[in-house]
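**Student:** Given the coordinates of chain A, work out where chain B should sit on it, guided by the hints.
Top to bottom, those sequences are chains A and B. Note that my numbering gives residue 11 to position 11 of the first sequence, counting from 1, and the numbers run on in steps of one. Note that my numbering gives residue 272 to position 272 of the second sequence, counting from 1, and the numbers run on in steps of one.
In short, the hints are calculated from the structure, not lab data. Just to be clear, a hint being listed does not mean it is correct.
Claimed, not checked - Derived DSS-like pairs: lysine-lysine, alpha-carbon spacing no greater than 30 Å straight-line: (1) K105(A) - K466(B); (2) K56(B) - K127(B); (3) K56(B) - K485(B); (4) K56(B) - K469(B); (5) K319(B) - K246(B); (6) K322(A) - K387(B); (7) K105(A) - K56(B); (8) K250(B) - K105(A); (9) K485(B) - K126(B); (10) K491(B) - K322(A); (11) K60(B) - K322(A); (12) K126(B) - K105(A); (13) K322(A) - K126(B); (14) K469(B) - K214(B); (15) K214(B) - K105(A); (16) K491(B) - K387(B); (17) K485(B) - K105(A); (18) K491(B) - K213(B); (19) K466(B) - K214(B); (20) K322(A) - K194(A); (21) K127(B) - K322(A); (22) K33(A) - K60(B); (23) K105(A) - K48(B); (24) K214(B) - K33(A); (25) K60(B) - K213(B); (26) K319(B) - K250(B); (27) K213(B) - K387(B); (28) K214(B) - K485(B); (29) K466(B) - K126(B); (30) K462(B) - K33(A); (31) K469(B) - K105(A); (32) K485(B) - K322(A).
What the hints assert, rightly or not - Here are the in silico distance ranges between beta carbons for each label pair: (33) P125(B) - Q327(A): 23 to 29 Å; (34) L310(A) - N310(B): 55 to 61 Å; (35) P270(A) - I128(B): 45 to 51 Å; (36) K485(B) - Q222(A): 44 to 50 Å.
A virtual CB, placed ideally from N, CA and C, is assigned to each residue, including glycine.
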Amino acid sequence: MQLHDVWFVLIAVLWTGYFFLEGFDFGVGVLTKLLARDRTEKRVLINTIGPVWDGNEVWLLTAGGATFAAFPDWYATLFSGFYLPLLLILICLIIRGVAFEYRHKRPEDRWQTNWEHAIFWTSLIPAFLWGVAFANIVRGVKIDENKEYVGTLLDLLNVYSILGGLVTLTLFTFHGTVFTSLKTVGDIRDRSRKLATRLGVVTAVLALVFLIWTQVSCGDGQSLIAMIVAVLALVGALGFNLAGREGWSFALSGVTIAAAVAMLFLTLFPNVMPSSLNEAWNLTVTNSSSSAYTLKIMTWCAAVATPLVLLYQGWTYWVFRKRIGTQHIVDVH
Amino acid sequence: MDLALAPETLARWQFGITTVYHFLFVPLTISLAALTAGLQTAWVRTEKEKYLRATKFWGKLFLINIAMGVVTGIVQEFQFGMNWSDYSRFVGDIFGAPLAFEALIAFFFESTFIGLWIFGWDKLPKKIHLACIWMVSMGTVLSAYFILAANSWMQHPVGFRINEERGRAELTDFWLVLTQNTALTQFFHTITAAFLVGGAFMAGISAFHLARKKHVPVMRSSLRLGLIVLIVAGMGTAISGDLLGKVMFKQQPMKMAAAEALWDGEAPAPFSVFAYGDVEKGHNKVAIEIPGLLSFLANDDFTSFVPGINDVNKAEQEKFGPGDYRPNIPVAYWGFRWMIGFGMASLGIGALGLWLTRKRFMLPAELRTGEDEVPHLVLFKKPLSPKLANLYWVVALWTMGFPLIANSWGWIFTEMGRQPWVVYGVLRTRDAVSPNVSQAEVLTSMIGFTLLYAVLAVIEVKLLVKYVKAGPPELTEADLNPPTKIGGDDKNPDRPMAFSY
Numbered sequence: 001m002q003l004h005d006v007w008f009v010l011i012a013v014l015w016t017g018y019f020f021l022e023g024f025d026f027g028v029g030v031l032t033k034l035l036a037r038d039r040t041e042k043r044v045l046i047n048t049i050g051p052v053w054d055g056n057e058v059w060l061l062t063a064g065g066a067t068f069a070a071f072p073d074w075y076a077t078l079f080s081g082f083y084l085p086l087l088l089i090l091i092c093l094i095i096r097g098v099a100f101e102y103r104h105k106r107p108e109d110r111w112q113t114n115w116e117h118a119i120f121w122t123s124l125i126p127a128f129l130w131g132v133a134f135a136n137i138v139r140g141v142k143i144d145e146n147k148e149y150v151g152t153l154l155d156l157l158n159v160y161s162i163l164g165g166l167v168t169l170t171l172f173t174f175h176g177t178v179f180t181s182l183k184t185v186g187d188i189r190d191r192s193r194k195l196a197t198r199l200g201v202v203t204a205v206l207a208l209v210f211l212i213w214t215q216v217s218c219g220d221g222q223s224l225i226a227m228i229v230a231v232l233a234l235v236g237a238l239g240f241n242l243a244g245r246e247g248w249s250f251a252l253s254g255v256t257i258a259a260a261v262a263m264l265f266l267t268l269f270p271n272v273m274p275s276s277l278n279e280a281w282n283l284t285v286t287n288s289s290s291s292a293y294t295l296k297i298m299t300w301c302a303a304v305a306t307p308l309v310l311l312y313q314g315w316t317y318w319v320f321r322k323r324i325g326t327q328h329i330v331d332v333h
Numbered sequence: 001m002d003l004a005l006a007p008e009t010l011a012r013w014q015f016g017i018t019t020v021y022h023f024l025f026v027p028l029t030i031s032l033a034a035l036t037a038g039l040q041t042a043w044v045r046t047e048k049e050k051y052l053r054a055t056k057f058w059g060k061l062f063l064i065n066i067a068m069g070v071v072t073g074i075v076q077e078f079q080f081g082m083n084w085s086d087y088s089r090f091v092g093d094i095f096g097a098p099l100a101f102e103a104l105i106a107f108f109f110e111s112t113f114i115g116l117w118i119f120g121w122d123k124l125p126k127k128i129h130l131a132c133i134w135m136v137s138m139g140t141v142l143s144a145y146f147i148l149a150a151n152s153w154m155q156h157p158v159g160f161r162i163n164e165e166r167g168r169a170e171l172t173d174f175w176l177v178l179t180q181n182t183a184l185t186q187f188f189h190t191i192t193a194a195f196l197v198g199g200a201f202m203a204g205i206s207a208f209h210l211a212r213k214k215h216v217p218v219m220r221s222s223l224r225l226g227l228i229v230l231i232v233a234g235m236g237t238a239i240s241g242d243l244l245g246k247v248m249f250k251q252q253p254m255k256m257a258a259a260e261a262l263w264d265g266e267a268p269a270p271f272s273v274f275a276y277g278d279v280e281k282g283h284n285k286v287a288i289e290i291p292g293l294l295s296f297l298a299n300d301d302f303t304s305f306v307p308g309i310n311d312v313n314k315a316e317q318e319k320f321g322p323g324d325y326r327p328n329i330p331v332a333y334w335g336f337r338w339m340i341g342f343g344m345a346s347l348g349i350g351a352l353g354l355w356l357t358r359k360r361f362m363l364p365a366e367l368r369t370g371e372d373e374v375p376h377l378v379l380f381k382k383p384l385s386p387k388l389a390n391l392y393w394v395v396a397l398w399t400m401g402f403p404l405i406a407n408s409w410g411w412i413f414t415e416m417g418r419q420p421w422v423v424y425g426v427l428r429t430r431d432a433v434s435p436n437v438s439q440a441e442v443l444t445s446m447i448g449f450t451l452l453y454a455v456l457a458v459i460e461v462k463l464l465v466k467y468v469k470a471g472p473p474e475l476t477e478a479d480l481n482p483p484t485k486i487g488g489d490d491k492n493p494d495r496p497m498a499f500s501y
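Isolated chain B, as found in the complex:
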């Protein structure tokens, strides 16, 4: 069979497409849930109307986004059984448990309380309504934790033994699966990266409105909040990324060697800035390197030995039998770089933005009309030309996409860097696909999902743009007088619902 259309290849493409697509919505959901909850808390505590308007504005964008996150998540769970049935048979004993935990503990939570939050504006007292969005936020984070624990087990299988008789892996220590350092560092890294997405999203959209001098009070608070989140999350992502990298150097040396295009082990090992390699011959034709840095990233010193691709391949051949144990090296190498590059660029732009929009750089006092003035870029004594002054807003808008690109490449690198293993060192990807599912079936589902996703992406983006442009809603009488008892006030039984589909 043509390799490009082999069921394994198709199933991998399908998994890649659905996962990367799903993960465009997941980080935004995680971060916007918490940010919306934060803004609503600010409203409940201060009763400043701008916070309620901000809550409604970001909350609506959050809802448009979570709808897609939820429906694409269902596909993930079904896909293991549909396309990877031999994987499911082999690891179900271990891998199924965190998935079931996720559904029972986290997803029920999230889905139930989101219904309460959406429809509860005129049914729940203010503080209980606020608690609902915090529950949603907690649910999204818990969800991420269980899924990442499951994924970490594929990266670094622990707490199991092989049952030869049943031909499968069996769980021996669930606590270890949930608390191994791979799971914890990966969770830390993914959550911080998720907030990077939300921070950039908030800063970018606020910048869009501020550049037009619209909705200034709401958007100025949102901009500053977004930028602070961007910076804190950016630093968190860098720290967690470094920790995760050190864990990976120990657990998956092949992935990290591929990420660096380090063909032969060296001591001290250099960090590669640019490399162009020959995969067949196993060396780089062009390489620009920083000496010793890779040793530092792997082991915290500048002189230690880091094994290369050829070393690990040889070691794995001795351990697991003849074969090629190298992942797709250009993808790993560039995926790693796009991830770090775009992630760090968004952190840098966030830091610059926070500095540029601080109080000193507001309009001169005589021109101010109130404390909620549009931040104006007064870098120099003379005012900037409008074109140049607008540049920052444009940059902020573009930066919205950076963390998404970084996240996607991060996952592509993580998953493709593990190949040819689906469970590192235990189960090969080619042994994991469903043996009884035909090429035509996988092709049908892949084309079906891809087309559907493409159409939905267009719809979602158009809706987001529409609601972003519309800006925060004006508040109504009902918004400012929330009910005092659960189930709503009975004074006027025919009062229209505050929210209805």
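Looking at chain A on its own, in the form it has when it is part of the complex:
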């Protein structure tokens, strides 16, 4: 296994970490409208992710930075090619971060309502768009011989990619619902579990269609295994949710996300971004990677830093392990 293959795997791991972690906090953002009945319940939901959403988002920045460093051509083609969708995601992430921090800083009803709308939409839109982006990467886009994306915005919107977007949106929301039933107490926890069941079924149907489509059009033996794991984990998550085993249910909805990301990356390899115009113009792990020296340094850095990150981020979840409910929210302004 060469270093650029290692980095392909590491970038897949970073995206998995991002979708696993920010997946549930996007989901919680969507739930503020789907599940919460009043402002206090909204605040309970937002507080379940309060201490961690910022750390979760760094997984995206690290995935971006690592792609820049390990596969400069992939980074350049992807970011300049998917210009407007990424712009929209960026604007959402800006507003979302500010919304979490500023919503409670003024008591006026209008102020808080506006930020609550913002939290909902800026969680929903990126959750959808990441699916669109990844579906397009797997499907292949118009890349010319100079490694430049030459398609238009409309090329990125097709049935397959929109289905991909719906899958990430529902999967993240399901993941978020399972998370809130694990992190809350009282009435909201019961409703959260009931909603998880319904959302889980919708997610399963959409995901099944999307994954089979992916498998049929560009899968192989390995991706088939990943797909089966994803589907089984999703069914398991649903089952544990029905049985009231919330921890297991959350772990398995996480496995679903990890396996689905693994499947997408397995169908890609050794490409990182296939060209739909000509196979010879595919971006691959070899023709778009950095030099061996850079990859070596990056590998050392990742080898030292990643366990540390997992350790202290894990510790954060331990510190804030207690469930919260409406009784823990006090109105202070």
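**Tutor:** Chain B alone, transformed into the frame defined by chain A:
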């Protein structure tokens, strides 16, 4: 295509707008994190309530500010790929590594521990909670270091070779990229300048409250702390600025010649106090100069030769082929002056403030009500008229903006002074833009970001003003009895959270 709307011009404007905007929050974040950590340390060590109130007050302003710093930082990373894809292809091998290091080592740290600090008041024992804010502070400084190492490589590329076959620059010595003198001096200069911002911020807001005789114990300590930081950081900025200048004279003579509007090389070279030049003809129409000073700034003696704009332009034409290698000279010249002027003014006002508020200038003993008296400006035996006495507080408040102006011009000068190069001597800015991104797309994103930034700036300033006016919070029972074990005490499971969104 109209030059004013060419994708390169638009992409540069966008980079300039997002960077200057981002950098309004960055220095305040770096310095306030450390100052808040310092105040919290004082609370843990002395258990004086004023320090805890100060920690909560400055901590809240810090949080309002860091939210903006973080979200505008995401744009920076994405922007390289979106607007400057040819740059990313060409230098990703080198430039990407420090960015990835920053995310992995520094930014994870900062973001994770800030969550622990915000929500951890009733979940963590006092000392562990204190350690969290120090971790945040360390993260912000480390972050700055990696980003500045990356930027320094653009100013002075080292440790690489050109791979003709792949058509890109490749890293050969990462250690050199991280430790070259450009990176170290620029880091020193940027960090000291960041503390200049924080010191002025703290002094200005404390002055605001003291002028109204409110929250005196907390604000008097904050004022003195702010002023001391302002002076130490101000001197540090001057020293590091001088060091960085000497490095720049060697590495980017064009930038420094432009900063001085020195058209033709001279020995000894004079320092320009005021100049009005004719860029086309390449000379100054009006110039007021201090003889020999520029030689001293560049080379530590008063007689040596300093090359001028025309000399360097000619030398670069011989080296890199025909073309105009001059940056925008008025911007470089005035940017350099605004940077130094506003930076040094804040140092001066800080020194004056520290002198004016020392013990001797407190209220006369018979009028004192306690040791935490409002510093009163008794410069003369007779009391000053209230108007004049208030002047210092007003000046202190205005000074809050000075280091921010200095920082912004510093970056504009640094980045525009390097033009037409994006990587000095290696890659031209016009060859760095994304070839496949349309004018309409760049224009959309530029307008989108600018509008969003404008709205957010109004919101942020209003929030800051609200919380500044509210002053330090009163302490509650829970504040004074922090938990003794990790995860919080279990005595009362339904106790409301100390902090909730």
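**Student:** Are the hints correct? Go through all of them and say.
**Tutor:** Tested hints:
Of the pairs offered as hints, the one joining K105(A) and K466(B) holds, with about 9 Å between alpha carbons and a cut-off of 30 Å not exceeded. For the proposed pair K56(B) and K127(B), the alpha carbon gap of about 16 Å is at most 30 Å, so the pair holds. Annotation: proposed proximity of K56(B) to K485(B) holds, straight-line Cα distance about 21 Å (limit 30 Å). Of the pairs offered as hints, the one joining K56(B) and K469(B) holds, with about 14 Å between alpha carbons and a cut-off of 30 Å not exceeded.
For the proposed pair K319(B) and K246(B), the alpha carbon gap of about 23 Å is at most 30 Å, so the pair holds. For the given pair, K322(A) sits about 56 Å from K387(B) by alpha-carbon distance, which is inconsistent with the 30 Å threshold. For the suggested pair K105(A) and K56(B), the alpha carbons sit about 14 Å apart, so the restraint of at most 30 Å is met. Our distance criterion of 30 Å between C-alpha atoms is broken by K250(B) and K105(A), whose separation comes to about 50 Å.
Using a Cα cut-off of 30 Å, the hinted pair K485(B) and K126(B) holds, with the two alpha carbons roughly 9 Å apart. A distance of roughly 13 Å separates the Cα atoms of K491(B) and K322(A); the hinted pair therefore holds under the 30 Å criterion. A threshold of 30 Å between alpha carbons decides the hint, and for K60(B) with K322(A) the separation of about 25 Å falls inside it, so the pair holds. For the proposed pair K126(B) and K105(A), the alpha carbon gap of about 25 Å is at most 30 Å, so the pair holds.
In summary, the hint linking K322(A) to K126(B) is supported, as the alpha carbons are separated by about 19 Å, within the 30 Å threshold. With a C-alpha separation of about 10 Å, the suggested pair K469(B) and K214(B) falls inside the 30 Å cut-off, and the hint holds. Between K214(B) and K105(A), the direct Cα distance comes to roughly 22 Å. Compliance with the 30 Å bound is thereby established for this hinted pair. Between K491(B) and K387(B) the alpha-carbon distance is near 55 Å, which puts this suggested pair outside the 30 Å criterion.
Taking the CA atoms of K485(B) and K105(A), the gap is near 29 Å; set against the 30 Å cutoff, the hint holds. With a CA separation close to 41 Å, the supplied pair K491(B) and K213(B) exceeds the 30 Å bound. A distance of roughly 15 Å separates the Cα atoms of K466(B) and K214(B); the hinted pair therefore holds under the 30 Å criterion. For the hint linking K322(A) to K194(A), the alpha-carbon distance of about 21 Å falls within 30 Å, and the restraint holds.
Between the alpha carbons of K127(B) and K322(A) the distance comes to roughly 21 Å, so the proposed pair stays at or under 30 Å and holds. A hinted pair counts as satisfied when its Cα atoms are at most 30 Å apart, and K33(A) with K60(B) qualifies at roughly 28 Å. Note on K105(A) and K48(B): the hinted pairing holds, with a Cα-Cα distance of about 27 Å set against a maximum of 30 Å. Distance restraint check for K214(B) and K33(A): the Cα-Cα separation of roughly 42 Å exceeds the 30 Å cut-off, and the hinted pair is therefore not satisfied.
Our distance criterion of 30 Å between C-alpha atoms is met by K60(B) and K213(B), whose separation comes to about 21 Å. Among the hinted pairs, K319(B) with K250(B) is consistent with the structure: their alpha-carbon atoms are about 16 Å apart, no more than 30 Å. For the proposed pair K213(B) and K387(B), the alpha carbon gap of about 15 Å is at most 30 Å, so the pair holds. Our distance criterion of 30 Å between C-alpha atoms is broken by K214(B) and K485(B), whose separation comes to about 36 Å.
For the proposed pair K466(B) and K126(B), the alpha carbon gap of about 28 Å is at most 30 Å, so the pair holds. For the proposed pair K462(B) and K33(A), the alpha carbon gap of about 28 Å is at most 30 Å, so the pair holds. Taking the CA atoms of K469(B) and K105(A), the gap is near 14 Å; set against the 30 Å cutoff, the hint holds. For the proposed pair K485(B) and K322(A), the alpha carbon gap of about 14 Å is at most 30 Å, so the pair holds.
At about 24 Å, the beta-carbon gap between P125(B) and Q327(A) stays in the expected band of 23 to 29 Å. Between L310(A) and N310(B) the beta carbon distance is about 57 Å. The supplied range of 55 to 61 Å therefore holds. As the Cβ distance of P270(A) to I128(B) is approximately 46 Å, the hint placing it in 45 to 51 Å holds. Distance hint check: the CB atoms of K485(B) and Q222(A) are about 46 Å apart, consistent with the given range 44 to 50 Å.
Of the numbered hints given earlier, the model fails hints 6, 8, 16, 18, 24, 28; all others are met.
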